[in-house]
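Participant: Hey, can you piece these two chains together into the complex? The hints should help.
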Amino acid sequence: MSAVLDKLTSFIQDRAPADKYVVWVVLALTGAGVVAVYSAITFLAETKGGGSPDPLLLRHVAHAVLALSVMGAVSLVDYRTLARYSRIALIGALGLLLAVKIVGLFSDGPDRWIRFAGIGFQPSDLARVALLMYVAVLLAQKQDYVKDFTRSFLPILVWVFGTIALIGVDDLSTSLVVLMVIMGMCFVGRVSTLQIGGLGVLGALLGVVLIMNSPNRAARVESYLGVKLFSSTQTEYVMNPQGEGYQARQARIAFAMGGLTGVGPGKSVQRDFLPAPYNDFIFAIVAEEYGLIGAFALLMGFCILLFRGYLRIARDAPDPLGLFLGVGFTTLVVTYGFVHAGVACGLLPVTGLPMPFVSYGGTSMLANGIMMGVLLNISRQSNGSPDASDPPAGPRNRPLP
Amino acid sequence: MTPKDQILTRMYVVLTLLSIIPLFVAGQVGWIVFVQGEALQEQGQKQARSTVDIPAMRGAILDRDGRALAINTARYDLALDPTVDGFAEQRASFFQKLSSLTGTPAAHFRERVEERYSPQYVRLYRGLTEEQREQVGSWGIPGLILTPRFARRYSYETTAAHVLGHVNADGEGIAGLELEYDEALTGTPGRRVVKRDRSGRIKAFVGGNVVEPDHGETLRLTIDLVLQSALEDELERGIDESDASWGTAIAMDPEDGAILALANRPTYNPNRPGAYRSSARRNIAITDRFEPGSTFKLVGAAAAVEQDVVSMNDSVETGDGWAVFHGYTMKDVAAYGTIPFKDVIAKSSNVGMAKTASKIERGIFYQYARNLGFGQPTYIDLPGEVGGVLKKPDQWSRTSLTSMSIGYEVAVTPMQLLAGYSALANGGLLVEPYVVQERRSMTGETRWRNEPDSIRRALDQETAEALRPAFERVVTEGTGTEAQIDGLPIAGKTGTALKVSGGHYSKEQARASFVGFFPADDPEVALLVIIGEPRTSIYGGSVAAPVFRRIAERWVSSMPEVVDRMVAARTDAGARPASPASASSPASRALPEAVDRMPNLSGYSLRRAIFWLRSRGVDVRVRGSGTVTQQAPDPGTPLPRRAVLTARSDGSGPPASAPSD
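For the record, the sequence lines run as chains A and B.
With the numbering used here, letter number 175 in the first sequence gets 175, and the count goes up by one each step, no holes.
With the numbering used here, letter number 7 in the second sequence gets 1007, and the count goes up by one each step, no holes.
Hints in this document: simulated from the structure, not taken from any laboratory.
For glycine and all other residues, C-beta sits at the position ideal for the given N, C-alpha and C.
Wrong hints could be hidden among the right ones.
As the list claims (entries may be wrong) - Computed spacing ranges between beta-carbons, pair by pair:
1) 1117/B <-> 297/A: 48 to 54 Å
2) 1441/B <-> 297/A: 56 to 62 Å
3) 1149/B <-> 217/A: 45 to 51 Å
4) 1009/B <-> 78/A: 26 to 32 Å
5) 260/A <-> 1214/B: 41 to 47 Å
6) 1090/B <-> 78/A: 57 to 63 Å
7) 1023/B <-> 194/A: 27 to 33 Å
Looking at chain B on its own, in the form it has when it is part of the complex (with noise of 0.2 Å):
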């Protein structure tokens, strides 16, 4: 064999097994495609495809008339990933940066960043808004993640606080209506698939599977705005001006149970959930109950007329004001004799109630009670509403029926208690209370309406109209003149409860109470109005009456039958043209429809000034009567809580017939 042939047998050897790899590459190849290809194919697939939840947006809060309560907006949190190229070099000056934005110490920022869990994620901020997030992204730095979400703004901050509820750092409601209409609010989240690499970041997958996001539906509530900052504006005065610590107040339209307004003092800021104490938060109009007092003679009241105990006109023994009932003494405010049925509710004698009470037989008693809604939840759609305590009869003491008949030994929310009153207003039927008034898709048709309903006939029509005049009495000459407001008729009853502690019922511990309808005669509203350890005075005809009427007085300007109604009922009661040259004196000019200074007053008759003043929510005192000569504050300042008319009866004329307040 020659050299040559030696390499060239050599070379072709070597050519032999090289050209074996390519063999095996391509069968190692066909047997991935074709023996293990569909297992693999899942694999990567799998692998590859995620899906991501694209969130839906919570529906709104809308009140009665679409004004929005609660709405969405756009929040950005705020991660960093620290081990970014670039950050080390910017982070003193980032954390500055930050600090001055938001307001949160540098520290804090270094520390989280320092103690962090994960090595390449740590949280710094949640909720940057729209403006600080473009500001963050101006600064450029390396390794920062901003996520969007939407964040809940309640934009009258502490309005209808208690109503509205809250939501969580995560959006889920955990109070008020955000948490009964947690799942309609919420909606369902929609699902993209999208394509993932192996670091775990998401691309975009054209074609792609889409579920759009089915919206949280915006929920129409039966409360007024202008309603309830009016209701809220007064209780807080009230408690201001009685020192109380707390107070609760509720309207509703006693015709269908629907909330006009519900407000409770202390209040929060549903936008800071977190910076009130947790007694601020509660809804006490439904969570908490209390011994009423004599707001629960309605009870009694209703049980005797109806049975044919007593009727309104029949003479009640009550003596000297004191009585004893099974070895326990009850007493009047004063003494007040031999008066009729009537005067008892008006002037709220306990022991002529319990005397007629002690004619009522247990079951009859118990029976009424329970008609009237008291022992059970109203089943308003808040949450945490609590039932109260009415015990049955065969649990009851010898003194029991007694202390019932005025507002012992049971408990009530005031929710109960109004509802209750709602019933006498509108001829018997005991209603169901709601604040949601219909909901919406997120495009605006409707998905679901309350179709309010009454509950049962808890008295009879006939007995309800015998009531009322009583509890009108209550207003015009019994405890509760100060709710009194001229021209309007209003039908109410106060209430003074004292509350049990350490085993004495406290004075210092007093709830004033009073809860009334108007007009007496077509009631439009039902309002209670609750204060709770007043200081003044105890007594719910002197601390509770004069927040129901500046409330009533402030209401009904917005009611325009109710408003044409106590003008007529006022030139009838004879405000007769003032001046003969009625036509160009100032007393027939227009006064300002909505301002917010005093107007030059004098000259106008004192009714009107009067009238116009408490409209708008200012206590009037008056000297004299006839036509304003005199008014403090002067013209132009802005509205006080407070006016004092001077006024004289100008000659020519008759003297004006305006009662005293």
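Excised from the complex, chain A in its bound form (with noise of 0.2 Å):
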């Protein structure tokens, strides 16, 4: 028993340390979404729950300690052999999306769960972190002749819009976050910056048709600008009281009343005003119980994230693959993070992103853990300083020339 105990002490204690800013900022982000939607959770419990709002808190917490194993869990897997495996992963989520499409046909209005064993999760989270790992590995794969669109791009664009495709069609905020930071990592990677910005030019004419198309979209889009642009929509949409203008107006209330220093913990008034005050409007949530000064908070945590993963993690990862990976998964958790607060403040569309480690919601938690855990992972394993010992050279791993 003590031997086995010995030697995973010496397992762990045998590997480099991890990155401790990145550790520190999520606990510190993970105990900030606690007490935050504590609160912020009063109002679904009232009305859909028994009243009480700690059974629902218990779920958060139990998600978060969750999400925090499995970070520190995967930090002491290898991030190559993850990468070994992202390839079936990627497919494997795909599956579970196609098979909620499909139960989703004959069930009424899409879905985006599975529930198994009376545990609901959204397969799109898994299917993110697996596409961005896959396109990680093709990017390292492919660095010999990276500039070539046929042999490098195409088939990265045949895996990612394969992704998005089964994401995209009811959570087009989540494909456009998703495509924005792999194009980012791409760029990142040496692809051609004309290919990616012909991509570029293609995508806003397809944006363009789409929204022309739907008066559902350009109701939205209208909404955002609070100008009438089309024809074709119908005004009432943009009128409605709950409509985006009016969340968009709710979250503003939620600052302005908070002012600098806030109107206190679990004094919040817009959590009765905001939908998902827990989940898409936390930001906004913390700001009005905390004022600036806990909304400026959460963004240094994410611009610390941003900094420490590009800065250090990915610019000391051993070989392309880590810092590829470090690029993608800090981009996307920073992104997701600074989405999330421009959305709560109005200065972005209103969509349903969660603020990772803060929002209530279990699925994005773990992705965001196993994001973290690889991050912390490529940490352990840096090389010090740029000049430092070289690693093992392999044929997929060689050190970059």
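Facilitator: The following block contains the structure:
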């Protein structure tokens, strides 16, 4: 027994230390999330539950503990090992997404959830992690001929759009963010700027067509801009008090109520007016209860993640794969945080993106835990400084020339 | 540039782009907080705060002795949101249960839900009791909304209905005192600041501003519940016995105008006002005016005596019972010949009165009528009072004076008539009748007290005193002997007015009235009884006077001084001990104080037995005199409406001198 324990301790202690900053920031964000969700969840608890927010809070805490444990566990597994299984993982996730789609056809309305033994999770969250990882693997593999469109960028795009086609139909915001992050990875991975730019132009055209074809989408754009642009939209949708104009206004009121120092823990009023305050608008609730200071603290947390992830973990990664993975995962988590904050304060149109580690929601928390775990593992294997000892060379893990 | 350098360079580019985003977010947040902050805060506070009324309790209505006539009870309105999850499954059984609870058919509820106007709200039932509410709550049906409110309850149902009035479904007074004193009874609702969320639900707001409600005031009336019940009882009985279609009776304290009892028939139950016709809800005593007939002779008599046109003992020629005035023939019931003026009143001679009145100047007659309160409202504190009609002398025809002297060509309300006789009773002062004695706050402090005052002097004291014996003679030997009570001096006047119907005075629609006061020399109560459209007889003396008597009999038993006087008067009148062994004889045995069954009366003096029965509202018919030997119904049976006593004088004592009624 003690032998096992000794072996386990030595297994952990023998590893190089993980990045402390990332661990502390993740812990701090999770802690802040628990407090904020406890307050924000009361409205949901009163309408749906038996009136007490405690059961919902317990679930959130359980999710957080699970996600942090997964992060710790993943940080002990060599990211190269994980990368080896990324293709299978992606195919599996896509299979699940497809299954959900098919089930959704036979029930009423689109469903993003899989319910398994009483626990529901969203396969799209796992799909984006697997996709990012596999793109990093592909980029690392194709470094020699990366400028070749048909040999490198095209295969990547096939996987990307295959996945997005499955996620994207009814979760446009997630697909868009994932697509942007992957384009960022490709850019860092030396894919031709021309090819990425071309794709961007193509995407913009496609976007306009999509908006023109759907009065619903057009109305959302109008609602965000506050200007009537298209004749096909129905004004009722724009004027709907529960619509996006309403949500954005309520969120702004939350910021205004909070002021510099906030109204105090648990005293949020806007949680009763914002839809899904525990998820889509947790940033606004934090801003209301803890003021500008609280909001800036959250932003600062994500900034630390961004700089540690790029300038320490990715730059010092032992190999290109580590670098691409570091850039990809850091960017995805941080972008989610920034976009969430931008939506909450009315900078971006209303979408339902959770704030990583803060918002309520198990699957996204788990996905974020996996990504941070990978990031930590990369940091364990860093070469300390760019000129430190070379990692063992291999056919796929050659040091960069 | 090596690939590694290229990667790092590109990485820095992405990093720079990414790190710009939080700057934008921070800028936007700062902009919201520091620039738009105040306006947005105001919006937020406006939408999150709401005020809720704290209902003020409606004041109670109490009788003279503090018995609650109208009180508040908690009632609950039941509404439903049929869209709530889980309601649909229980729908059918819920309608069934609600139907058996309220007695309303289930189909009615189903229809209401189907044809509701608002998708998420439909009111199913108003006014569930506390018990019913608990039942409904125990069913556990989702989507039910129970709203508490105050409802009005009139504890004694129809008793004093026209005085109390009633409230509508929203608790606003719409008749009677409930209307007249609505503002005082309602009070001012308070307010509470509450939190409101986006679906409009209200939550308590700790530290929110609360304005306490100012509860409505309690009214204490001059009405005496016991007297009122007796009066209503007897009025009802009088109407039944004379087969009449309506009636009204009012009693007031002639000294200050306090209304002791007021009743109308038909009446209604203010707990369910909608179940009655509007005619049943009308307060005839103040809203109906009619030609008073002989009771109006008070005006002519007062004017004639005070102006020295005639004195009480002057002879008046009534001849053969008819006379012609300006082409119109006036008739008496019988030919009285030449009689003193006091008998003109006692016998109610139209001819004699008209002849006397024709000697009075028009303006003087009008002035007396006016001074006695006719042709103007009495300003009683009840709503809907009418003023009556008293034409000015310049509108009179040649026959108006004589017609008016016997109570035609004028229209008065019962209340006016009673106020006029109260002036005669109290020595000449016209008083303002009132019902509410004082208003109290919910905690019992007096907020307002009625200070009764006379309106004006209508008659000189001497005039009133001179007239009074004539009105006593009405009862002792005139038209109103049916009102006579042994040992109690009563002054009054009968009235028989025919209603104009199709241009003619119709005997089918007569109004028989009796108005008077007792004890005549020191009046405590002025009482008016009007029986409308009686079938058995049209004369006030035979229809209204007995009702007056029975009310008076029942009332005096609760007036100790009056009872003492009566007993003394009877002893003086020769009710000497019936037998030498008086101390032990049953005649001096005390009769039970208050029972609702016939006692064994045999052995009691007829006088005592009659008094005992009459003070409990039993009509007594007597055969013989002296000591009671037989009675019907038998002892132990519930108190009847009528009793027959057989008596014989036992030879040992002097003959009893009980007057026959």
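Participant: Take the hints in turn and mark each one as holding or not.
Facilitator: Here's how the hints hold up against the structure:
1. 1117/B <-> 297/A: 48 to 54 Å: holds, 51 Å
2. 1441/B <-> 297/A: 56 to 62 Å: holds, 57 Å
3. 1149/B <-> 217/A: 45 to 51 Å: For residue 217/A against residue 1149/B, whose Cβ atoms are near 49 Å apart, the range 45 to 51 Å holds.
4. 1009/B <-> 78/A: 26 to 32 Å: Once the Cβ atoms are compared, 28 Å apart, the range 26 to 32 Å for residue 78/A and residue 1009/B holds.
5. 260/A <-> 1214/B: 41 to 47 Å: Distance hint for residue 260/A, residue 1214/B holds at roughly 42 Å.
6. 1090/B <-> 78/A: 57 to 63 Å: holds, 60 Å
7. 1023/B <-> 194/A: 27 to 33 Å: holds, 29 Å
Violated hints are absent here; each numbered hint is respected by the structure.
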